[in-house]
Amino acid sequence: MNLLRARVRRPWRLAAEVSALLIAVVVAFPLYWMVLSAFKPAGEIESSEPRPWTLTPSLDSFRRVFEQQEFGRYFLNSLIVAGSVVIASALIAFLAATAVTRFRFRFRTTLLIMFLVAQMVPVEALTIPLFFLMRDFGQLNTLGSLILPHIAFSLPFAIWMLRGFVKAVPEALEEAAYIDGASRTRFLWQILFPLVLPGLVATSVFSFISTWNDFLFAKSFIISDTSQSTLPMALLVFYKPDDPDWGGVMAASTVMTIPVLVFFVLVQRRLVSGLGGAVKD
Amino acid sequence: MTGSPMSSGGVVRGRVRDRRGSSRRSPRPFGRSSATPWIYLAPALVVLGGLLVYPVYQLGLISFLEYTQAQVSGGEPATFQGFGNYAELFGDGEFWRVLLATVVFAAACVVSTLAVGCALAVLLTRVRAVPRLALMLAGLGAWATPAVTGSTVWLLLFDPDFGPVNRMLGLGDHSWTYGRYSAFLLVLLEVVWCSFPFVMVTVYAGIRAVPSEVLEAAALDGASQWRIWRSVLAPMLRPILVVVTIQSVIWDFKVFTQIYVMTNGGGIAGQNMVLNVYAYQKAFASSQYSLGSAIGVVMLLILLAVTLVYLRLLRRQGEEL
Numbered sequence: 001m002n003l004l005r006a007r008v009r010r011p012w013r014l015a016a017e018v019s020a021l022l023i024a025v026v027v028a029f030p031l032y033w034m035v036l037s038a039f040k041p042a043g044e045i046e047s048s049e050p051r052p053w054t055l056t057p058s059l060d061s062f063r064r065v066f067e068q069q070e071f072g073r074y075f076l077n078s079l080i081v082a083g084s085v086v087i088a089s090a091l092i093a094f095l096a097a098t099a100v101t102r103f104r105f106r107f108r109t110t111l112l113i114m115f116l117v118a119q120m121v122p123v124e125a126l127t128i129p130l131f132f133l134m135r136d137f138g139q140l141n142t143l144g145s146l147i148l149p150h151i152a153f154s155l156p157f158a159i160w161m162l163r164g165f166v167k168a169v170p171e172a173l174e175e176a177a178y179i180d181g182a183s184r185t186r187f188l189w190q191i192l193f194p195l196v197l198p199g200l201v202a203t204s205v206f207s208f209i210s211t212w213n214d215f216l217f218a219k220s221f222i223i224s225d226t227s228q229s230t231l232p233m234a235l236l237v238f239y240k241p242d243d244p245d246w247g248g249v250m251a252a253s254t255v256m257t258i259p260v261l262v263f264f265v266l267v268q269r270r271l272v273s274g275l276g277g278a279v280k281d
Numbered sequence: 001m002t003g004s005p006m007s008s009g010g011v012v013r014g015r016v017r018d019r020r021g022s023s024r025r026s027p028r029p030f031g032r033s034s035a036t037p038w039i040y041l042a043p044a045l046v047v048l049g050g051l052l053v054y055p056v057y058q059l060g061l062i063s064f065l066e067y068t069q070a071q072v073s074g075g076e077p078a079t080f081q082g083f084g085n086y087a088e089l090f091g092d093g094e095f096w097r098v099l100l101a102t103v104v105f106a107a108a109c110v111v112s113t114l115a116v117g118c119a120l121a122v123l124l125t126r127v128r129a130v131p132r133l134a135l136m137l138a139g140l141g142a143w144a145t146p147a148v149t150g151s152t153v154w155l156l157l158f159d160p161d162f163g164p165v166n167r168m169l170g171l172g173d174h175s176w177t178y179g180r181y182s183a184f185l186l187v188l189l190e191v192v193w194c195s196f197p198f199v200m201v202t203v204y205a206g207i208r209a210v211p212s213e214v215l216e217a218a219a220l221d222g223a224s225q226w227r228i229w230r231s232v233l234a235p236m237l238r239p240i241l242v243v244v245t246i247q248s249v250i251w252d253f254k255v256f257t258q259i260y261v262m263t264n265g266g267g268i269a270g271q272n273m274v275l276n277v278y279a280y281q282k283a284f285a286s287s288q289y290s291l292g293s294a295i296g297v298v299m300l301l302i303l304l305a306v307t308l309v310y311l312r313l314l315r316r317q318g319e320e321l
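So the protein sequences, as listed, match chains A and B. Each residue of the first sequence is one higher than the last, beginning at 1 in the numbering used here. Each residue of the second sequence is one higher than the last, beginning at 1 in the numbering used here.
It is worth saying that the hints were derived from the structure and are not from the lab. Treat each hint with caution, since some may be false.
[To be verified] Partner residues aside, some chain B positions facing chain A, computed with beta carbon under 8 Å: (1) Pro55; (2) Gln71; (3) Phe83; (4) Ala147; (5) Gly163; (6) Tyr181; (7) Thr202; (8) Asn276; (9) Ala279; (10) Gln281; (11) Ser286.
[What the hints assert, rightly or not] Some chain A residues well away from chain B (every beta-carbon gap over 10 Å; in silico): (12) Ala42; (13) Pro57; (14) Arg64; (15) Gln69; (16) Glu70; (17) Phe71; (18) Leu79; (19) Ile80; (20) Phe105; (21) Gly138; (22) Asn141; (23) Leu143; (24) Leu148; (25) Leu195; (26) Ser220; (27) Phe264.
[Unchecked claim] In silico contact screen, one side only, chain A against chain B (beta carbon under 7 Å); selected entries: (28) Ala20; (29) Leu22; (30) Tyr32; (31) Phe137; (32) Tyr239; (33) Asp243; (34) Val249; (35) Ser253; (36) Met256; (37) Pro259.
We put the CB at the ideal spot given by N, CA and C, even for glycine.
Produce the complete structure using the sequences and hints provided.
Structural data, given as structure tokens:
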């Protein structure tokens, strides 16, 4: 891209850089306001002249959030649910992506088309049948009722995306491994798996986000045993549409956003190269 | 990808099988050894069959039954209704109003997200490391924000009494969630905010993945900046553009959390209802599970139509499955 950049004349480049910085500020502003409001003392948020800073930061809102019964429990539940979904769907999708890219078999194309179609299924529409399914298997009010459907919904996209990464591993490498005496299982886990790891990281971002964000299933499947609930539900304890406790909402929002931000920062480089890899396919 | 990606890795009973140079379309002979791919596929097929395919079948089934609180609790048997639920749904003016709102709202979200995402991806290629990192990190932050969190933060930003936006714009105590269009606009802004980063990062990664030799060659041949964009980059980026467009259509057509939280369950008198929220309200708030399922089936069919268009586009590009 150096070439493209070199051809941009200087004043234009300066204008581009200034606007990039300004846009970054606008995009980051809601997050800044969230954290700021979480630290504002009671009463200051409800001021009719909102100030973009606070002279007396306070931890009261955070205290209120953590004093709320079971907030820590909800946090742990969210981590368990998202963690299980990420790990399980990555492993299952890796095996499936390997099968559809490195083998030829009857119904292969049919399966691929089915995975593509499965991506389009509006999962929200499945809340009703899944509710009855979970009820019939006694899974309502358990973390399993949140984990299992999310594994299923993450899989088609993960398989579809990983396909490009598995394809990119040269055939010659596989042949060499077998000639050197490696078993198929050994090739799969000790050679192929590490090579497609960047792709797994990129797909994990999507399954993590969609699971961590889940609001509808938690709302519909966790109905009586609230100790099995997840963070979005904890947030709504403070958000009463008629009379929201803004300090509590913003403190809970901040706590809820941190793990995702940490995850993103950790995978940031791999994400960009991962998406680039999917694109080259 | 280079080489012949489709003919990779054929191993039959421990023997290495070289398929290079063979016809890519001809499938491998269907022999005893072909159990391996199915073993690899088994976990995925079990999970998808049980938690996706079967529920889809159930959804369709319930939409043809009379299924309300009485049937759920087992008090009355579920009776077959034929297209009765659909007739009721299509005869209801509110359904058509919600359907129209959903399509227009999703289209507005998709167009805005793509426009902002692509424009900023191009901007990213034109700036040095510091502004690029700033914009990238801000975008990742917005992307990482959970939907519930983003919804409440945007509500606070636009709050008529304590929000900074009304102060900055001098709007007094104008309420954004009161009017139908301003409430939809507010949700649209939040949706674009949290979904443009995916488009931006993907398109940026796509532009970066274009080999610089190709661009240099075009420049040496005397192609103008515009010509390079139109004739070199655009065709190379088309597959990604198709992917991000389709993903945006799917995501924005199914928006639930933002509408539910920001407009308090669908807006005043249901003015901001979209299909998802409508189905949820029908099923779980008024126990009309069969009507809720019929709405789900309608959504499924619309998205299937989108999928068919997508498949045709992929085929036309010559992408091999």
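Results for each hint:
no.: 1; hint: Pro55; in the structure: holds (4 Å)
no.: 2; hint: Gln71; in the structure: violated (10 Å)
no.: 3; hint: Phe83; in the structure: violated (18 Å)
no.: 4; hint: Ala147; in the structure: holds (5 Å)
no.: 5; hint: Gly163; in the structure: holds (7 Å)
no.: 6; hint: Tyr181; in the structure: violated (20 Å)
no.: 7; hint: Thr202; in the structure: holds (5 Å)
no.: 8; hint: Asn276; in the structure: holds (5 Å)
no.: 9; hint: Ala279; in the structure: holds (6 Å)
no.: 10; hint: Gln281; in the structure: violated (12 Å)
no.: 11; hint: Ser286; in the structure: violated (13 Å)
no.: 12; hint: Ala42; in the structure: holds (13 Å)
no.: 13; hint: Pro57; in the structure: holds (18 Å)
no.: 14; hint: Arg64; in the structure: holds (15 Å)
no.: 15; hint: Gln69; in the structure: holds (19 Å)
no.: 16; hint: Glu70; in the structure: holds (17 Å)
no.: 17; hint: Phe71; in the structure: holds (15 Å)
no.: 18; hint: Leu79; in the structure: holds (13 Å)
no.: 19; hint: Ile80; in the structure: holds (16 Å)
no.: 20; hint: Phe105; in the structure: violated (5 Å)
no.: 21; hint: Gly138; in the structure: holds (15 Å)
no.: 22; hint: Asn141; in the structure: holds (15 Å)
no.: 23; hint: Leu143; in the structure: holds (15 Å)
no.: 24; hint: Leu148; in the structure: violated (6 Å)
no.: 25; hint: Leu195; in the structure: holds (13 Å)
no.: 26; hint: Ser220; in the structure: violated (6 Å)
no.: 27; hint: Phe264; in the structure: violated (5 Å)
no.: 28; hint: Ala20; in the structure: holds (4 Å)
no.: 29; hint: Leu22; in the structure: violated (10 Å)
no.: 30; hint: Tyr32; in the structure: violated (9 Å)
no.: 31; hint: Phe137; in the structure: violated (10 Å)
no.: 32; hint: Tyr239; in the structure: holds (6 Å)
no.: 33; hint: Asp243; in the structure: violated (12 Å)
no.: 34; hint: Val249; in the structure: holds (5 Å)
no.: 35; hint: Ser253; in the structure: holds (4 Å)
no.: 36; hint: Met256; in the structure: holds (6 Å)
no.: 37; hint: Pro259; in the structure: violated (9 Å)
In this structure, the hints that do not hold are numbers 2, 3, 6, 10, 11, 20, 24, 26, 27, 29, 30, 31, 33 and 37, in rising order.
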